[in-house]
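Asks: Using the sequences and the hints given, assemble the complete structure.
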Amino acid sequence: MPQKMHADELDIDEMLVRRMVADQFPQWAGLPVELVDSAGTSNAMYRLGTDLVMRIPRIPGAAEDIAKEHTWLRRLAPELPVAVPVPVGLGEPVDGFPWRWSVLRWLEGANPVAGRFDQPELLAADLASFVTAMHRVDPVDGPASYRSETLTARDEAVRRAVAALAGTVDAGSVTALWRTAVAAPEHPGPPVWIHADLQPGNLLVDDAGRLSAVIDFGCAGLGDPAVDLITAWYVLPAAMRGAFRTAVGADDAQWERGRGWALSVALMELSYYRESNPRMADTARYVIGELLADHAGNV
Numbered sequence: 001m002p003q004k005m006h007a008d009e010l011d012i013d014e015m016l017v018r019r020m021v022a023d024q025f026p027q028w029a030g031l032p033v034e035l036v037d038s039a040g041t042s043n044a045m046y047r048l049g050t051d052l053v054m055r056i057p058r059i060p061g062a063a064e065d066i067a068k069e070h071t072w073l074r075r076l077a078p079e080l081p082v083a084v085p086v087p088v089g090l091g092e093p094v095d096g097f098p099w100r101w102s103v104l105r106w107l108e109g110a111n112p113v114a115g116r117f118d119q120p121e122l123l124a125a126d127l128a129s130f131v132t133a134m135h136r137v138d139p140v141d142g143p144a145s146y147r148s149e150t151l152t153a154r155d156e157a158v159r160r161a162v163a164a165l166a167g168t169v170d171a172g173s174v175t176a177l178w179r180t181a182v183a184a185p186e187h188p189g190p191p192v193w194i195h196a197d198l199q200p201g202n203l204l205v206d207d208a209g210r211l212s213a214v215i216d217f218g219c220a221g222l223g224d225p226a227v228d229l230i231t232a233w234y235v236l237p238a239a240m241r242g243a244f245r246t247a248v249g250a251d252d253a254q255w256e257r258g259r260g261w262a263l264s265v266a267l268m269e270l271s272y273y274r275e276s277n278p279r280m281a282d283t284a285r286y287v288i289g290e291l292l293a294d295h296a297g298n299v
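Residue numbering for the sequence shown follows UniProt numbering, starting at 1 and increasing by one per position.
Note that these hints are calculated values from the structure, not bench results.
Careful, some of the hints might be misleading.
To be verified - Label-pair distances were calculated between CB atoms; the ranges are:
{"#": "1", "residue 1": "206", "residue 2": "168", "range": "29 to 37 Å"}
{"#": "2", "residue 1": "164", "residue 2": "105", "range": "36 to 44 Å"}
{"#": "3", "residue 1": "140", "residue 2": "86", "range": "18 to 26 Å"}
Here the structure is a predicted model, which means the values were calculated and not measured.
We treat Cβ as the ideally placed atom computed from N, Cα and C, and that holds for glycine.
Replies: Structure (structure tokens):
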């Protein structure tokens, strides 16, 4: 059973999962079921046989993303330079589980370890290619991203996170960095398609270290293109950020907003998950450290 991280999280175990498959997709009922070791926080992932994976919402908010992903992943996939999850089944509620859930094609690959690559310039180029392609997708009828608000709208939540992390982070330094980001000009154009959560756990790389797939589109939708720049600090080493920035064409204001998005996401993740998800918390600490070092080197 996945470790619980939320007060409103459902109990999900292998017995329930097998019953869900048998009830909704009897053609797959005989396939082996295995919990996927994932840093994800909103969905439990169970591998189904060798070619499929089940995506099962843990919390009410994640349940709302299932239908969105089934609609939009098929439309986004042909526009993107790497693989994305392909929906093959949409499960309905069953006794003991009240929401929709999905079955997707299994994608091979490993999550990258932030900042540790043999050829980081290749991954930087791959990420820039994905981000650029995502932002060029036709936005007509696209839903708002889960992270579609401005940085200013996140100010109160960020300050609460900083207060909750007293003694864990350098409050003065992160607050100064945050103020600089919030002061940056807002995105001047219409919203574009963004993935909005380009963290290591949502990326897959092949044996050569190249980006092979991007997963978990639960946050995807229309928003500020700066949100996708968080990957510069969540994934790439400092030496590769300039090349990534050039490749995506980020101006000073967009880059500063990207820095603010990375900081706000990391602070909230560390505050919320430091006890319940050590992997997520460690990643957030790393990102905050990278942001502070980056900021200190530019002041």
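Asks: Going through the numbered hints above, which ones does this structure break? Give me the numbers in ascending order.
Replies: none
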